[in-house]
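Visitor: Residue numbers (numbering that gives the first Met the number 0), protein chains in the order written: chain A, 0 to 269; chain B, 0 to 269; chain C, 0 to 269.
Calculated from the structure, these hints are not laboratory results. As the structure is a prediction and not an experimental result, all values here were calculated from the model. We put the beta carbon where it would ideally sit given N, CA and C, even for glycine. One should not assume that every hint holds.
Cβ-to-Cβ under 8 Å is the rule here; a few derived chain A residues that face chain C [as the list claims (entries may be wrong)]:
(1) R20
(2) S23
(3) N31
(4) F37
(5) P75
(6) A103
(7) L107
(8) V109
(9) L113
(10) I197
(11) P243
(12) V248
Pulled from the structure, derived: some chain B residues nowhere near chain C, Cβ distances all over 10 Å [to be verified]:
(13) D7
(14) T35
(15) D53
(16) E57
(17) P108
(18) D216
(19) S241
(20) D261
(21) D264
(22) R265
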Amino acid sequence: MNTHLLNDRLNAVAEHLVDLRRTSPLVQCITNTVVTNFTANALLAIGASAAMADVPTEAGIFAPIASGLLINLGTPHAEQRVAMLESARAAAAAGTPWVLDPVAIGALPVRTTLAHELVQLRPTIIRGNPSEILALARSGVGGRGVDSTDSAEAALPAARALAAEFGSIVAVSGPIDIVTDGITDIRVSNGSALLTRITGGGCALGAVIAAFAALSDDRLSTTVAACAVYTIAAEQAALVSSGPGSFAVAFLDALATVSADDVRDRASIR
Amino acid sequence: MNTHLLNDRLNAVAEHLVDLRRTSPLVQCITNTVVTNFTANALLAIGASAAMADVPTEAGIFAPIASGLLINLGTPHAEQRVAMLESARAAAAAGTPWVLDPVAIGALPVRTTLAHELVQLRPTIIRGNPSEILALARSGVGGRGVDSTDSAEAALPAARALAAEFGSIVAVSGPIDIVTDGITDIRVSNGSALLTRITGGGCALGAVIAAFAALSDDRLSTTVAACAVYTIAAEQAALVSSGPGSFAVAFLDALATVSADDVRDRASIR
Amino acid sequence: MNTHLLNDRLNAVAEHLVDLRRTSPLVQCITNTVVTNFTANALLAIGASAAMADVPTEAGIFAPIASGLLINLGTPHAEQRVAMLESARAAAAAGTPWVLDPVAIGALPVRTTLAHELVQLRPTIIRGNPSEILALARSGVGGRGVDSTDSAEAALPAARALAAEFGSIVAVSGPIDIVTDGITDIRVSNGSALLTRITGGGCALGAVIAAFAALSDDRLSTTVAACAVYTIAAEQAALVSSGPGSFAVAFLDALATVSADDVRDRASIR
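Chain A with its partners taken away, still in its complex shape (with noise of 0.2 Å):
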């Protein structure tokens, strides 16, 4: 990437965070059981505003309302997965931006089936391990659980593909995230191990990534901007912390504390 292009995704990456923290979108979270607690509070964290309506009906009716919708297939029990349907066709009506994270899909038949009917609905944004992105673009056979058995470069030919087929931004987690739109793949190499440490280090971010897309309808941009925020304060927090639980306080603070300018200096984008 040239120079004068670099400057451009910086200054975007910082205009987006301080947007977020002025309009402090709405994001509805159906999400699982294990890290609902953890995804909010990133969400308030960093300046957003969280609701977890999963409740069939409600589900729908909130999706128009919310700047973002997430949907999470980690613990897809019967009525989140009837909620999950209703809000995806109700975002996609409304044109509220919203993200699928196919969580451990591959070897476990209830959520990959539910994938691959979502992904037809076309998510504005896909995030997942490379092993999920395989999986979901029927390349491979999923991980090990929620770790993913396969690396981000090796899932990028199914990234675009799935971009491609379904006009949808695809970010693929790894040490070095990849965002793609099926012809631009943009790394973002910021990060700490320690989010691999705690649950719900992607989680999260497929949350904090629905309320990025509320701030412009260039989702390449926002994604990127998510993705190079987050990991910008995962390495802030690595340099306080003593193990995964106080890495986890303390990402908390920073996603609330880093700066527009803590992103010029550090994000690793090309």
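Chain A is fixed; fit chains B and C onto it per the hints.
Guide: This is chains B and C only, laid out in the frame that chain A set:
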């Protein structure tokens, strides 16, 4: 409030806190999936016990055993709705004090219908933000998800009306909390804005109100005590926090250590 | 216990800990909504992996893939009950070690019936507080919610009887943990009272016991190791905590850093 009456109020708060730690009331919580962990930890920290018995059949059996009951409508899935009605009826029959927290009612029909059904069972205490109290009194249409769009003072007439109609104590949360029995209004102006930057700040207060309700039949007094102790702990926590993550941790520590003397020194009640 | 045998035990604990971090066993958890997050974080902190696969159909498919399985009856909603039976049967058939944690059984009929059904499937390990162990052995009527009203020593005959009848290792939690195979009783007297001031202190131990169970067929040895490592980490955390909030954070840090040497130096096993 004259000085004599104020001193009585402060002493009552301090005595309720001492009683709570001595008797460790057992609070049954039927609450939303986002805040279960934080709510249980808040109860344990302050010195109460917690049981999340929210399965139909068991919920109704547990309510007469419990010292207090919280019903929070944050994520009212089908089984929880059955459990809520069953335990509210059992609590009413057994004389177990119970708290209704009508989270985000107004625009969302499942919880709104349920809240109107539950309020007919005459909750001992109703706790909500101004928008929720207005919606429960049918004077408003609810807020923006869990965020209130109205001030506590604006909701006071609705709070008084609810108190009068259902014989409930009504606590309206805000920068200044107002607690009313329909005749006497008491304002508690302790607290920290950081309570609104973590999820469950209001929800866990509902559980703490249920714990204090076990201590005396004067529920105006116990509810004021719960609000005061809770918000004084928040002030103490804010002093040693660097953001919402460390605030949540310090808040649980402060709930465990806040003393009767702290209450007498710092409570701002009128 | 003579010195030689004690040294063998201490070395076994230390070796199991090293093995756990080397192999990172994947633990499937079907657990209650209050402690999912803390449980997953405890597993990740100590070096294991976690998957909360608790949806019917998927639960049974996952159990043979998992290195260990935890079934915790804290909030046994209808879908979870199906998932529990399905995964326990699949684990038994596949030889995946599994842990039954019969939370708060006794007076509450749904979980009590389910616990008696599950125990017939011969859990590899049963973990509970004294009241729960007594109730599972039908010698008692349960405690006060999740709090035990009996001592671990009082529950030892019931624990031995369960071990003999179902071929299970039984771990009774208390200030002194007792682990028995029905013949040999081993006491672990490490720990901190702060573990009882946070929610999930016992529940997460069940998950850690499942992780250690993947390391050797000698489940008396792996269960003692899990209890010792867990409670030594609690002691280390208590040293740097100012209350239950900071204890929970420090405990996750300590689970990540507790070493084989710490175990040899500090374990109090007899």
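Visitor: Next step is simple, just say for each hint if it's right about the structure.
Guide: Hints versus structure:
Evaluation of the R20 of chain A hint against chain C yields a violated restraint, the C-beta minimum of about 26 Å exceeding 8 Å. For S23 of chain A, the suggested interface contact is broken, since its CB lies about 25 Å from the closest CB of chain C, more than 8 Å. Restraint check, N31 of chain A versus chain C: the minimum CB separation of about 7 Å is within 8 Å; hint holds. Hint status for F37 of chain A: holds, given a least beta-carbon distance of 6 Å to chain C, under 8 Å.
A least Cβ separation of about 6 Å between P75 of chain A and chain C falls short of the 8 Å threshold, and the interface hint therefore holds. The interface hint given for A103 of chain A is met, as the beta carbon of that residue sits about 7 Å from the closest beta carbon of chain C, less than 8 Å. Because the beta carbon of L107 of chain A sits about 4 Å from the nearest beta carbon in chain C, less than 8 Å, this interface hint is met. Restraint check, V109 of chain A versus chain C: the minimum CB separation of about 5 Å is within 8 Å; hint holds.
Hint status for L113 of chain A relative to chain C: violated, with the closest Cβ pair at about 10 Å, above 8 Å. With its C-beta approaching chain C no nearer than about 6 Å, I197 of chain A sits inside the 8 Å limit, and its interface hint holds. With its C-beta approaching chain C no nearer than about 5 Å, P243 of chain A sits inside the 8 Å limit, and its interface hint holds. Hint status for V248 of chain A: holds, given a least beta-carbon distance of 6 Å to chain C, under 8 Å.
Annotated as non-interface, D7 of chain B keeps its C-beta farther than 10 Å from every C-beta of chain C; the closest such distance is 30 Å. Interface exclusion of T35 of chain B from chain C breaks down, the closest Cβ pair being 4 Å apart, not more than 10 Å. The beta carbon of D53 of chain B sits about 6 Å from the closest Cβ of chain C, which is not more than 10 Å, so the claim that it is off the interface is violated. With 10 Å as the threshold on Cβ separation, the claim that E57 of chain B sits away from chain C is violated: the shortest Cβ distance comes to roughly 4 Å.
Every Cβ of chain C is farther than 10 Å from the Cβ of P108 of chain B; the closest lies at roughly 23 Å, confirming the non-interface assignment. Interface exclusion of D216 of chain B from chain C stands, the closest Cβ pair being 23 Å apart, more than 10 Å. Its beta-carbon lying about 14 Å from the closest one in chain C, S241 of chain B satisfies the requirement of being farther than 10 Å from that chain. The beta carbon of D261 of chain B is kept farther than 10 Å from every beta carbon of chain C, the shortest such distance being approximately 14 Å.
Even its closest Cβ contact with chain C, about 19 Å, leaves D264 of chain B beyond 10 Å, as expected for a residue assigned away from the interface. With a minimum CB-CB distance of about 18 Å to chain C, R265 of chain B clears the 10 Å threshold, and the non-interface call stands.
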